[in-house]
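Engineer: Residues per chain, in single letters:
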Amino acid sequence: MSEKTFGKYTKGTVARLLAGLSVAACLASSAVAQDAGTLRVLISQSPWLNAFVSLVDEYQAETGTKFQLDVPPFGGMVDKTRNSVRAETGSYDIININAQSLAEMYAGGFLKPLKEIDASFALPKGVVDFGGSAYWSAEKNSFDPNGELYGVPTNGNVLVLYYRSDLYEDAGLQVPKTWDDLIANAKALHNPPETYGFVARGTRESILFDFSPMLFSFGGSYFADPQQGDYSITLNNLQGLQALETFIKLNKEYGTGNPGALEQAELIQLLATGKAAQGTAVIAAVADLQDPNKSIVTDTIETALLPAGPEGKHASVAGQWMAGIPKNIPEANQQAAMKFLKWFLEKETQVAYVEAGGIPIRSDLADTALAGDPNYRFIKAFSENADVAQMNTPMKEGVRMKEVISLYLNRALIGEISAKEALNGAAQEAHDVLTAAGYKLTPPKML
Amino acid sequence: MATRPLDAARIERANLWWRIGSLAPAIIILAALSIWPVFNLAYLSLADVDWVSGAAVVNFVGLQNFQELFTGEPVYWAGVRNTTVFAVCAVTLQMIFGFTMALAVRRASKLGRGLLTAIFLLPIVIPPIVIGAMWRLLLGRDFGMVNFLFSLVGLPQVDWLGDPRFALMSVIIVDVWHWTPFVFLLTLAGLESLDQEVFDAAKLDVKNRWQELRYITIPLMMPTILITLAFRMILSFKVFDEIYLLTGGGPGTATEVINFSINRVFFAQDRVGMGSAMSLVTIAGVAGMIVFANTVVRRRRKLRAEA
Numbered sequence: 001m002s003e004k005t006f007g008k009y010t011k012g013t014v015a016r017l018l019a020g021l022s023v024a025a026c027l028a029s030s031a032v033a034q035d036a037g038t039l040r041v042l043i044s045q046s047p048w049l050n051a052f053v054s055l056v057d058e059y060q061a062e063t064g065t066k067f068q069l070d071v072p073p074f075g076g077m078v079d080k081t082r083n084s085v086r087a088e089t090g091s092y093d094i095i096n097i098n099a100q101s102l103a104e105m106y107a108g109g110f111l112k113p114l115k116e117i118d119a120s121f122a123l124p125k126g127v128v129d130f131g132g133s134a135y136w137s138a139e140k141n142s143f144d145p146n147g148e149l150y151g152v153p154t155n156g157n158v159l160v161l162y163y164r165s166d167l168y169e170d171a172g173l174q175v176p177k178t179w180d181d182l183i184a185n186a187k188a189l190h191n192p193p194e195t196y197g198f199v200a201r202g203t204r205e206s207i208l209f210d211f212s213p214m215l216f217s218f219g220g221s222y223f224a225d226p227q228q229g230d231y232s233i234t235l236n237n238l239q240g241l242q243a244l245e246t247f248i249k250l251n252k253e254y255g256t257g258n259p260g261a262l263e264q265a266e267l268i269q270l271l272a273t274g275k276a277a278q279g280t281a282v283i284a285a286v287a288d289l290q291d292p293n294k295s296i297v298t299d300t301i302e303t304a305l306l307p308a309g310p311e312g313k314h315a316s317v318a319g320q321w322m323a324g325i326p327k328n329i330p331e332a333n334q335q336a337a338m339k340f341l342k343w344f345l346e347k348e349t350q351v352a353y354v355e356a357g358g359i360p361i362r363s364d365l366a367d368t369a370l371a372g373d374p375n376y377r378f379i380k381a382f383s384e385n386a387d388v389a390q391m392n393t394p395m396k397e398g399v400r401m402k403e404v405i406s407l408y409l410n411r412a413l414i415g416e417i418s419a420k421e422a423l424n425g426a427a428q429e430a431h432d433v434l435t436a437a438g439y440k441l442t443p444p445k446m447l
Numbered sequence: 001m002a003t004r005p006l007d008a009a010r011i012e013r014a015n016l017w018w019r020i021g022s023l024a025p026a027i028i029i030l031a032a033l034s035i036w037p038v039f040n041l042a043y044l045s046l047a048d049v050d051w052v053s054g055a056a057v058v059n060f061v062g063l064q065n066f067q068e069l070f071t072g073e074p075v076y077w078a079g080v081r082n083t084t085v086f087a088v089c090a091v092t093l094q095m096i097f098g099f100t101m102a103l104a105v106r107r108a109s110k111l112g113r114g115l116l117t118a119i120f121l122l123p124i125v126i127p128p129i130v131i132g133a134m135w136r137l138l139l140g141r142d143f144g145m146v147n148f149l150f151s152l153v154g155l156p157q158v159d160w161l162g163d164p165r166f167a168l169m170s171v172i173i174v175d176v177w178h179w180t181p182f183v184f185l186l187t188l189a190g191l192e193s194l195d196q197e198v199f200d201a202a203k204l205d206v207k208n209r210w211q212e213l214r215y216i217t218i219p220l221m222m223p224t225i226l227i228t229l230a231f232r233m234i235l236s237f238k239v240f241d242e243i244y245l246l247t248g249g250g251p252g253t254a255t256e257v258i259n260f261s262i263n264r265v266f267f268a269q270d271r272v273g274m275g276s277a278m279s280l281v282t283i284a285g286v287a288g289m290i291v292f293a294n295t296v297v298r299r300r301r302k303l304r305a306e307a
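Same order as they appear, the protein sequences are chains A and B.
Just so you know, we're using full-length UniProt numbering here: the first sequence kicks off at 1 and counts up by one.
Just so you know, we're using full-length UniProt numbering here: the second sequence kicks off at 1 and counts up by one.
Derived from the structure by calculation, the hints contain no laboratory data.
From a predicted model like this one, the values you see are computed outputs, not experimental measurements.
C-beta atoms are modelled at their ideal positions from N, C-alpha and C, and glycine is treated no differently.
Some hints here could point you the wrong way.
[To be verified] As a list, the in silico SDA-like pairs of lysine to any residue whose alpha-carbon atoms are at most 25 Å apart:
# : chain 1 : residue 1 : chain 2 : residue 2
1 : B       : Lys238    : A       : Gly109
2 : A       : Lys327    : B       : Val57
3 : A       : Lys249    : B       : Lys238
[Unchecked claim] Just a few of them, taken from the derived set where beta-carbon distance is under 8 Å, the chain B residues facing chain A:
#  : residue
4  : Val52
5  : Val75
6  : Asp142
7  : Phe143
8  : Gly144
9  : Pro156
10 : Asp159
11 : Leu161
12 : Gly162
13 : Gly252
14 : Phe267
15 : Ala268
The task is simple: from the sequences and hints, build the whole structure.
Structural biologist: Shown next as structure tokens:
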């Protein structure tokens with residue numbers, strides 16, 4: 001091949017390649033062009049996904065609205081959410097946001113206030129707002145029921161107490177009302193390695209969530225007054241110390257022996273195989289524990305309100321999902337998304353949701369067809385815990401706060417440092433982080 | 001036919017342009033995909049990115065992220081320590097086992113060679129996610145196969161992944177199992193390429209196989225060994241998936257590694273500036289290691305050439 005021919009051949013190839021690329025680009029852009037009649041939903045791969053999908057099918061059948069679900073694993077949700085809401089035009093019309101990312105999404109200004117889409121909209125009575133986490137006050141930099149409404153709960157995940165009714169009956173035990181009662185029950189039932197008296201998650205990823213109800217019920221808190229925007233660290237006070245010592249005692253003396261490494265899958269496995277007599281876990285775990293293909297304790301595993309602290313205060317922790325509507329999507333899509341969410345909140349829809357395996361977001365389902373059905377006996381415990389559920393790190397820097405505090409709690413649980421050192425260390429580091437971020441705080445008093 | 005000087009110059013010029021033109025796309029792609037991101041990291045490491053009203057606000061903070069990294073990020077430094085221990089222990093064991101396996105295969109019969117190679121290579125073809133699940137099932141405390149076997153012979157249960165004393169060691173064992181075939185493959189290729197005549201000639205001088213290994217095989221294999229060592233060391237500093245799947249960095253900071261810290265800061269906490277600073281420091285460390293390994297290999301080559 002002569003050089004000239006080669007040159008011609010190359011030019012021709014490049015021209016054809018460019019033409020091909022242009023055609024491909026046109027085709028691709030038309031392929032991704034948005035179909036106005038389709039609702040694009042970002043939702044995590046989670047135990048309640050199938051229940052959500054069944055509602056989507058029902059809504060589609062009723063209204064003809066088409067859906068396009070993007071279902072990444074939990075770990076990929078934050079990235080997908082950020083990429084979409086930070087783009088000029090969003091990829092999703094409804095974004096399901098985990099409790100931990102709510103403050104980031106609200107405070108970052110990525111979501112449309114729901115009243116700006118539908119001025120008459122308010123969360124219906126009976127819908128749980130999970131510690132006010134549907135609302136955000138930019139002024140107070142906090143969740144605030146008097147703030148702007150941004151979220152609609154889509155899954156009511158709260159921490160509850162699980163226990164084995166057959167073991168309680170055999171040992172003549174009562175459902176614990178206080179943490180002391182729970183410890184007494186754990187002592188009576190602890191017979192390792194056949195049966196562990198109590199299990200809770202203690203890994204760096206989860207310990208804050210599982211420890212929080214104990215902290216709150218003992219009268220402790222992470223921050224002075226988040227709803228008024230005062231994030232001064234209060235974790236390291238006497239109530240906090242008492243709570244952490246109790247948490248460590250329960251897990252170390254009546255747990256598996258490796259509480260600092262116990263994560264959700266293993267915890268559910270311990271409960272499902274009958275190796276754990278009691279434990280705290282999210283209400284969403286009930287689906288696996290009542291499934292005969294996954295559990296040998298389907299009829300004897302029960303749920304209850306988490307025990308109270310010394311002053312009789314009950315508390316749980318909110319791990320719910322909220323649906324938000326992004327600002328960066330066309331108005332027609334926002335309206336369509338709003339319409340679906342309103343339908344989702346209806347009592348009748350929620351009954352169908354529970355029947356399909358979902359965890360409700362309403363606490364007023366006691367007078368529905370679900371009442372009295374043993375398959376849905378968890379609803380009472382869900383409602384009771386949802387009523388006392390709080391957000392644990394309710395600010396924009398929540399994920400970092402969680403990681404800072406969790407590491408100290410985990411180290412105390414595995415015995416690397418004392419409970420007092422853990423609380424003082426966590427308080428000081430959390431204070432430093434927030435101060436560096438511009439918060440005006442009162443320095444924590446060391447224990 | 002003789003080429004006229006004018007034509008020769010034209011052809012030379014055309015060839016030059018063709019060379020530049022054909023290399024340019026590759027160079028541009030390389031620059032776009034590897035050099036530009038590093039510059040971008042460097043830029044972001046000097047900044048703090050916040051999001052207000054849906055828009056990014058980039059504040060230039062100078063060296064503040066680096067200052068904070070060196071004074072106030074204990075988890076990252078725990079990761080540096082663990083990654084170094086992990087890399088040194090895992091790679092040392094992989095080199096010993098991999099090279100031994102390669103020697104064994106080289107000396108095996110033709111049938112044995114095929115069989116052993118297939119068996120030895122098995123771990124490297126298994127996807128990391130499967131390896132994580134598999135080893136969790138083996139090493140789990142209550143439901144693990146290893147503890148089950150221990151209980152059969154009356155040994156106490158060991159919390160392989162949850163006890164800070166054993167967690168890093170367990171992860172190293174998994175990594176050794178996973179990556180020894182890589183060393184095996186490279187050293188076997190090196191052994192196969194050695195000149196048999198050298199071994200035949202050496203038969204007069206060496207008394208046994210140990211002497212042959214020590215005075216002939218290892219010196220001849222040294223360039224391959226060093227390259228493999230450097231390669232594995234660099235890859236070990238990139239460890240992420242095994243730790244993520246087996247221990248999640250815990251308990252405490254027992255198995256925290258550099259990439260885990262970066263992932264947490266960059267993506268979970270969305271602290272782009274600090275994540276970039278951590279990435280840059282890590283890149284500098286690994287680059288230093290590459291330069292060091294390269295220098296050692298070159299110096300050895302030079303010494304050999306001089307000898």
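Engineer: When the hints from earlier in the document are held up against this structure, which numbers fail?
Structural biologist: 1, 3, 8, 9
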